[in-house]
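Protein chains in written order, with the working numbering: chain A, 1 to 101; chain B, 1 to 101; chain C, 1 to 101; chain D, 1 to 101.
Be a bit skeptical, because a hint or two may be false.
As the list makes no split between identical chains, a pair holds if one copy fits it or if it spans any two.
Calculated lysine-lysine pairs in the DSBU-like style (CA-CA distance at most 30 Å, straight line) [what the hints assert, rightly or not]:
hint : residue 1 : residue 2
1    : Lys-22    : Lys-101
2    : Lys-22    : Lys-97
3    : Lys-80    : Lys-98
It is worth saying that the hints were derived from the structure and are not from the lab.
Residues per chain are reported as follows:
Protein chains: 4
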Amino acid sequence: MLVEFSIVPLGVGSSIGDSIAKVLNIVNESGLPYKINPMGTVVEGEWNDVMELLKKCHSVVMDTSDRAITTISIDDRKGKPNRIEGKVKSVETRLGKKLSK
Amino acid sequence: MLVEFSIVPLGVGSSIGDSIAKVLNIVNESGLPYKINPMGTVVEGEWNDVMELLKKCHSVVMDTSDRAITTISIDDRKGKPNRIEGKVKSVETRLGKKLSK
Amino acid sequence: MLVEFSIVPLGVGSSIGDSIAKVLNIVNESGLPYKINPMGTVVEGEWNDVMELLKKCHSVVMDTSDRAITTISIDDRKGKPNRIEGKVKSVETRLGKKLSK
Amino acid sequence: MLVEFSIVPLGVGSSIGDSIAKVLNIVNESGLPYKINPMGTVVEGEWNDVMELLKKCHSVVMDTSDRAITTISIDDRKGKPNRIEGKVKSVETRLGKKLSK
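Isolated chain A, as found in the complex:
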């Protein structure tokens, strides 16, 4: 399944880049396919693997803040592997043009 998430610590100021960097380090070393965008991170994997990763990421943010808001969106579709590459390509093929990524 495809999963996009973001984790926002509260009470640490309006700049949260340190926290995002720690999270992306964990994602980068997880071995799961991922892609970052300006609003979140998309990973692809089975429920247990993804949720274990998200728990680690959420925990590392809570280590240095009293409160965090974590948002998770799951798109689960049977029999469709490698959607982290395929979904965007599929819509470009349909439109017959390249889009901004």
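Start from chain A and add chains B, C and D according to the hints.
For chains B, C and D alone, kept in the frame of chain A given last:
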């Protein structure tokens, strides 16, 4: 932590009440404190307990559809138990009036 | 359409109740049907009316913070008025029991 | 402000690529900076410009379906233009390495 979630099956028509009913039956029997609203269900519990529940709910929806979109929002705050009742009361106290619930 | 939203200011500490109280005051005076829950506020109305309200709410939070994260979920269904009451009742009828609200 | 959104039509089957293609055509012609990812589209602009675009996108999906779920996440930060490019670069600089995009 407080967790709101919703699970939307695709490919089963525009009425998804059967699917919501199955999910709420599982939530109702989970033993975790919960409250439903017109857009989702809020549960309160530890990460592992909540995620085990959400996996069950997501799975039961996938049992009868090829695709589902699951959205999860987490508000985790240290040292604040019973927020499923407390958050709304706290804002009513602050405003000095009852709000629509 | 049904719209749930939440607005989280960053850089103002981990307690954001003041900000939520200001927002709910605006919602309460808007005249749109609404219901609050521990994770957000659900309103019902046409696109323009709802978005005008959300712009006011987002702006009042930005008045006292440098950054805010606003999350909006829309469930738009043709020919279904008063869903803010009807959706929850419908699922209770289906299950044949009352749920926690 | 940065805004990520996705629009999911219900009742049209589990493949929703036609609908996504129509939406991305509108985004592509809007003139607003945007980036697509496997889970949604990020645009950058002022509240009114972005919401006018999202209304068009939501409407075009409702033209061919009875129900749609639209999710919108806003990250609004004072005095920070061009964040659609800057946010990802900033976290890469912090980590001292390139990430998957």
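Within, between, both or neither: how does the pair Lys-80, Lys-98 come out at a Cα-Cα threshold of 30 Å? both (22 Å within a copy, 28 Å between copies)
Within, between, both or neither, where Lys-22 and Lys-101 count as close if Cα-Cα is 30 Å or less: both (24 Å within a copy, 17 Å between copies)
Give the relationship of Lys-22 and Lys-97 under a CA distance limit of 30 Å: within one copy only, between copies only, both, or neither. Only across copies: Lys-22 and Lys-97 sit 13 Å apart there, 36 Å inside one copy, limit 30 Å.
No hint from the list above goes unmet by this structure.
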